[in-house]
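Chemist: Put together the whole structure using the sequences plus the hints.
2 protein chains.
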Amino acid sequence: MTAFKAPLRDMRFAMHEVLNTTAHYQNLGRDDLTAEIIDAVLEEGAKFNEGVVAPLNRSGDEEGIVFKNGEIKTPEGFIDAYQQFCDNGWASMTGSEDFGGQGLPLSLAAPFHEMMMAANLSFRVYSGLTEGAVLALTKHGSDELKTGYLPKLISGEWAGTMCLTEPHAGTDLALLRTKAEPQADGSYAVSGTKIFISGGEQDMSSNIVHLVLARLPDAPAGVKGISLFLVPKFLPDTNGDPGERNPAVCGSVEHKMGIKAAATCVMNFDNAKGWLIGQENRGLACMFTMMNDARFQVGLQGLGIAEMAYQGAVEYALDRLQSRSLSGPKNPDKVADPIIVHPDVRRMLLTQKTLVEGCRLLAYEAAQALDNEEHHPDSDVRKTAGVRAALLIPVVKSFLTDMSAEAANLGMQVYGGHGFIREWGMEQLVRDGRITQIYEGTNGIQALDLLRRKVMGDQGLELARLQDEIDAFCEANDLSEGLRSTIASLNSVNAHWRKLAKDIIARGTENPEDIGGCATDFLSFSSYALLAYGWARMAVVAKQKLEEGAGDSDFYNAKIASARFYIERILPRAEMHRQVLETPVDTLFGLTAEQFVRT
Amino acid sequence: MTAFKAPLRDMRFAMHEVLNTTAHYQNLGRDDLTAEIIDAVLEEGAKFNEGVVAPLNRSGDEEGIVFKNGEIKTPEGFIDAYQQFCDNGWASMTGSEDFGGQGLPLSLAAPFHEMMMAANLSFRVYSGLTEGAVLALTKHGSDELKTGYLPKLISGEWAGTMCLTEPHAGTDLALLRTKAEPQADGSYAVSGTKIFISGGEQDMSSNIVHLVLARLPDAPAGVKGISLFLVPKFLPDTNGDPGERNPAVCGSVEHKMGIKAAATCVMNFDNAKGWLIGQENRGLACMFTMMNDARFQVGLQGLGIAEMAYQGAVEYALDRLQSRSLSGPKNPDKVADPIIVHPDVRRMLLTQKTLVEGCRLLAYEAAQALDNEEHHPDSDVRKTAGVRAALLIPVVKSFLTDMSAEAANLGMQVYGGHGFIREWGMEQLVRDGRITQIYEGTNGIQALDLLRRKVMGDQGLELARLQDEIDAFCEANDLSEGLRSTIASLNSVNAHWRKLAKDIIARGTENPEDIGGCATDFLSFSSYALLAYGWARMAVVAKQKLEEGAGDSDFYNAKIASARFYIERILPRAEMHRQVLETPVDTLFGLTAEQFVRT
Chain B
616 MTAFKAPLRD MRFAMHEVLN TTAHYQNLGR DDLTAEIIDA VLEEGAKFNE
666 GVVAPLNRSG DEEGIVFKNG EIKTPEGFID AYQQFCDNGW ASMTGSEDFG
716 GQGLPLSLAA PFHEMMMAAN LSFRVYSGLT EGAVLALTKH GSDELKTGYL
766 PKLISGEWAG TMCLTEPHAG TDLALLRTKA EPQADGSYAV SGTKIFISGG
816 EQDMSSNIVH LVLARLPDAP AGVKGISLFL VPKFLPDTNG DPGERNPAVC
866 GSVEHKMGIK AAATCVMNFD NAKGWLIGQE NRGLACMFTM MNDARFQVGL
916 QGLGIAEMAY QGAVEYALDR LQSRSLSGPK NPDKVADPII VHPDVRRMLL
966 TQKTLVEGCR LLAYEAAQAL DNEEHHPDSD VRKTAGVRAA LLIPVVKSFL
1016 TDMSAEAANL GMQVYGGHGF IREWGMEQLV RDGRITQIYE GTNGIQALDL
1066 LRRKVMGDQG LELARLQDEI DAFCEANDLS EGLRSTIASL NSVNAHWRKL
1116 AKDIIARGTE NPEDIGGCAT DFLSFSSYAL LAYGWARMAV VAKQKLEEGA
1166 GDSDFYNAKI ASARFYIERI LPRAEMHRQV LETPVDTLFG LTAEQFVRT
Chain E
616 MTAFKAPLRD MRFAMHEVLN TTAHYQNLGR DDLTAEIIDA VLEEGAKFNE
666 GVVAPLNRSG DEEGIVFKNG EIKTPEGFID AYQQFCDNGW ASMTGSEDFG
716 GQGLPLSLAA PFHEMMMAAN LSFRVYSGLT EGAVLALTKH GSDELKTGYL
766 PKLISGEWAG TMCLTEPHAG TDLALLRTKA EPQADGSYAV SGTKIFISGG
816 EQDMSSNIVH LVLARLPDAP AGVKGISLFL VPKFLPDTNG DPGERNPAVC
866 GSVEHKMGIK AAATCVMNFD NAKGWLIGQE NRGLACMFTM MNDARFQVGL
916 QGLGIAEMAY QGAVEYALDR LQSRSLSGPK NPDKVADPII VHPDVRRMLL
966 TQKTLVEGCR LLAYEAAQAL DNEEHHPDSD VRKTAGVRAA LLIPVVKSFL
1016 TDMSAEAANL GMQVYGGHGF IREWGMEQLV RDGRITQIYE GTNGIQALDL
1066 LRRKVMGDQG LELARLQDEI DAFCEANDLS EGLRSTIASL NSVNAHWRKL
1116 AKDIIARGTE NPEDIGGCAT DFLSFSSYAL LAYGWARMAV VAKQKLEEGA
1166 GDSDFYNAKI ASARFYIERI LPRAEMHRQV LETPVDTLFG LTAEQFVRT
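Sequence order for the protein chains is B and E. Under my numbering, the residues of the first sequence are numbered 616 to 1214, in order. Under my numbering, the residues of the second sequence are numbered 616 to 1214, in order.
Keep in mind the hints are simulated off the structure, nothing from the lab. From a predicted model like this one, the values you see are computed outputs, not experimental measurements. Heads up, some of the hints might be wrong.
It does not matter which identical chain is used: a pair holds within one copy or between any two.
[Claimed, not checked] List time: in silico BS3-like cross-link candidates among lysine-lysine, alpha-carbon distance up to 27 Å:
1. K688 x K888
2. K688 x K875
3. K888 x K998
4. K688 x K871
5. K662 x K754
6. K875 x K888
7. K945 x K1069
Modeler: What follows is the structure, encoded as C-alpha cells:
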C-alpha cells in the first residue's frame, strides 16, 4: 500500500508561483503570513497527516465503527489522533481570534484539509462540519450562544454537526417536518428524525453541537418556514461544561459503501432543548453559510482522494514489471518493463495528474475568493469576491468530486486485479470518494445551482467578468513562444463558453426545462474551460521560471508537458459537452414515465 | 430494494425483430428452435433468475464466503440454487450433445446468462468458467479426457476453473513459472501458485476441474513455452467418481471490493496430478478458446449489472417525491413531484437505457457470430464469422463493462444519499460490476487486442467489411422519413471511423507506440459508432412496426425517442475520441518516469 506523501511542491507552485499568495495575504492586511510561515504550515501539516492521520486509514476501514446503545466507538487510534489534531492547533486554524481561534484565511487551511482528506477521508468527516458550525454560529448566533459554544467548538473540544436531511426530505428541504416548540425560558423543544448525520454521535469530543433545521409551530409551509436551532448533546452546566444529557440521540447508523470509519447517524430529537440561531424562518440562509463551506470542503475531499489515487498509481506503475514496451525493451536487465512505459498506462496517469493539478489550482483560487469575501478590508472587494466565490463553489464541489471518481477508478485500473483487492488500498479510495459526488447536494443539484442561481441569477454578468479575465490573459500571452497553441485553444474554448452561456440564458428564460436539461453539461463544459485557463497559466509561469533559470527544471518542464496533454487530450471533452448543449432538450422528454419501465 | 425483472420485451425485440434469430437458427440447421421455443427459454430463464437467483444477491454480499482449512463455505442458499441450476438443465445448455449437453447455440444461452448476471453476479461466477472449460476440453482434449470429464462438467455436477495468473504474471503470461513434470504414467506433476482463481474452491459441485497453464521442464521461455493442463481437485476413481484428493489446494482467499459471495482463491499446486490438454507448448492457443468465451461472458456481466442499475434507478425515480418540476407541478395532489420529472434525472435514466439497449443488441449480434463460427454448416461462413467475432469480442468485453460502470454509478446517483447505503442495493452493483473492467484482460488490454491484433492484424480488412455494411444500411434507409438525421449521423460517424482506422494503421505501422497511444480512444470511438449502428437499426425496425400497425406502440415509440437521444446526446462522445486520436501520441511521453513522482 502506498504511503501518503503531501504533494508539497505542487501546493507551493499553486500558492506561491501562480496565485501569489503572500501578496494576496498582504491585501488582507496579513503581512505576518510570509512565504516562510506558509511553508512551515504546509510542512507541519504534511508531518501530521503523513505520520498520524494516514496510518489510520486502512485499519479504520477494516474496523469500521461500532454502534451500541446509542453510542459509537470509533476505530482504534481515532481518539488519540483527534486529540493531536486539537492540541496542535489544526482544529482552530480558521476560527475567530475573538474566541480563541487563529483567524487564518481559509486558503491557508485548505491545503492542510486537502492533505487530511487524502490521508483519511473518514477521519476528516468528524471535524469538517465543526468548522461549518463555527462559521454559521459566528455569523448568525446570539452573543450568548457565541460565548457559550464558540471557544469549545473552535478548539475542537466540542464538535459540530449539520442536521438537514429527513427520510422524505433530502434535496427538497421544503418538505422537512422536524418541529421546534418555543419554551417559557426562551429555548425550544426540538422533535423529529434526521438522517445521514455525519458524526451525529462519536467518542472523540466531549460534546456534540447539532445545528438542526426545524419548523416553528406557526411557520409558513416550504423553505420560508424553516429555522435553525443549536441543539447540544449535553446541555452546558453553569460552568459551561457538558452537563445534562439532551434527548438528541443516535438511533442507528447507516451501513455504507465507504467512509466506513465515519459514523453516519439517524438522529432522534425528542423534545431536545435547543436555541434559535439567527431569525425565525430564516434558517435556510443561516444554513447556507455552513453549506457553502461544506461544499468547498467536499470539493477538497474529491481532490484529496484523487491525489492519493494518483500517488498509488504512480508507485505501482513504476514498480510493477509486466510486458515489454511496444518500441522495444526499456528495462532489458529485468524480466519485463515497468508498466509506466506503456502508453495506455501513461494516458491514465497523465489524466489523473492533469485533473488533480488543474483542480488544485481551481480550489485554491476559490479559497482566495472566500478569503476576500471574509477578510478583505474593502467592502466592495468583499462583495465582488463573494459573487465570484458563489459562482465557483458549485464547480469546485461537483467537478472536483466527479474528477475524483475518475481518478480513483483510473488508479484502480492501473493496478489491474490488485486494484480490486482491499489490501492495496485503491478500492477504498473508489468507495470512500464516491460519497463526495452525492452529499452536500448531489452534483446534479450543484449544476442547477450554477446555471439557475449563479449564471441565470445575474444574467451571466459574473461569468462574463471571468471570461473577460480569460480573454485578457490570452491577449497578454498569445505570443508566448511554445505556448501559442495552448493559448489559442483557451481562447477558443472561452469564446464557445460565452456563446453557450448567452444562448442558454435565452433558452432558459423562455423554457425553464432548458435550465435543467443543460445544467450538468454546462457545468462540465465550464469546468473543463476553467481547467484550461488554469493549465495555461501554469504553463506560462513554468516557462517564465525556466527562462529565468530558476532551477527545478524537471518540475517546470513537467508542468509544460502536462499542460499540453490537458489541452490536447482532455479539453476535447468540452467540445463534446458543447455539442450536447446545442441540441434541443426535448430529447429528454421523449418518453413518458411509464415508457421507462421494463416489461 | 428493486426486485430484478428480466427485460423480456427488449430481449425479444433484439432477438426476433432486429436480429431475426429464428432465420439465423435455420441457417444453422436448427429449425427446431422456433420463436415459441426461444420465448419459452427466455420465460423459464426469467422465472429461475427472478425467483431463485436474485433473492440470494444481497444476502450473499452481506454474508460473503467463509474460508477455513482450505475449504470454502458459500453463502446460505447458493448450494441449493446451484443444484436447481443443474437440475433444470441451465448448466448444460451449450454443451455438446455427444456428452449429454443440449447443444444449444450460444446466442440462446446469452440472454439467460445476462439475466443471471443481473440477478446475482457472484453466483454466476461459479458456473461461468465451467462453460469455458467445457469449450477448451471439447476442442483440444484427448478422447479419454473428454469421456472422463465432459459429461460431469456439462451437467454441472463438476465445475471448472481457469488458472492463469500468478503473483508476478497477470497481463504478461510470458512470465509464468508454474511447472509441470512429465510422469511415467503419462500424467504430469504440476507445481506452482496461481492467484485470482474464481471458484478455485467451493462447496457446490462435487469436484472442481482446474485448467492450469504451466511450463514443461524443457519449454522455451516466454509464451511459446506454455502448456495447458487439466488438474482435478479429486482424481476420478475407477468409476469416474471423485476419488483421491489431489494436492491442488486453496491457500487463501482475497478480500475484495465486490463479488464478495464469489470465492477468489490463491491456489497452491504441489505436485498435483494433471493431464496435458492439446499439444505441448501450445497452451495459450487452447486457453484462448476459453478466454474468448470468458471475455464474451464478462461483457454480458457488464450488461446485466447495467440493466439492474437501470431498473433500480427507474423504480426510485418513479417513487421518490422531491421538488417540483421546473415547468410547474406535475403531481399537484402530492407534496412534491416524482423525481423522474426532472430533466437531469431523465438524462441519467436515458443514458442508462440507451447504453444498455444498444449494448444488448451488440452482444447478441456478437453471439450470433460466435454461433456461426461454431455451428454453421458452411466452412467459409464459419471462418468469416470467426473473424467477425474476433473483432467484436474486445469491444463487447470492454465497452459493455465500461458502460456498466457508468450505468451503475448513474443508478447510484439517481438515489442520492440512499445510493451509498447498502440496503438499497445500488452500491453493490457499483462494487460488483467494477471487477468486469479488470478481469479476463483489463479493458486497456482489450483495446490493444482490438487495434493491434484485430485491426492492424489484417490491415483493417474485417473492420472495413463492417463499415461497408453500415454504409449499405445507410444507403438503404437514408430516405426513411423521420430518421434522416439519425441515418446522416451514422453515415458521418462511419466515414470518420474509416478515416481514423486508415490513419491509425499507417501511424501504427510507422511507430508502434501509436498503437498503444491510440488503442483506448479507438476502442471507445468504435464502440459508440457500433451503438449508433445498432440504434439506427432499432429505430428503423420500430418505425416499420408502427407503420405496420403491429401494436405495442408505446414500446416502439420509446425506441425511436431513445435512438434520437443516443444520437444527439451520447454519440458526441465519439467526436471527442476522434479529436484525441488526431493528436500526436508524443504528449504521452512528455514526462520521464521520475517526473510523475510527487516531491
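Chemist: Decide, hint by hint, whether the structure agrees.
Modeler: For each hint, the structure was consulted:
1. In this assembly of identical chains, K688 and K888 lie within 27 Å of each other by CA distance solely inside one copy; the values are 25 Å within and 51 Å between copies.
2. In the homo-oligomer, the alpha carbons of K688 and K875 lie at most 27 Å apart both inside one protomer (12 Å) and across protomers (26 Å), since each shortest distance falls under that limit.
3. For the identical chains of this complex, K888 and K998 are neighbours neither inside a copy (36 Å) nor across copies (79 Å), given an alpha-carbon limit of 27 Å.
4. In this assembly of identical chains, K688 and K871 lie within 27 Å of each other by CA distance both inside one copy and across copies; the values are 16 Å within and 25 Å between.
5. Taking the shortest alpha-carbon separations for K662 and K754, neither the intra-copy value of 33 Å nor the inter-copy value of 60 Å comes in at or below 27 Å.
6. Neither within a single protomer nor between protomers do K875 and K888 lie at most 27 Å apart by alpha-carbon distance, with minima of 30 Å and 45 Å respectively.
7. Taking the shortest Cα distances, K945 and K1069 sit within 27 Å of each other only across copies (26 Å), while inside one copy they are farther apart (52 Å).
Checked against the numbered hints given earlier, this structure breaks hints 3, 5 and 6; the rest are met.
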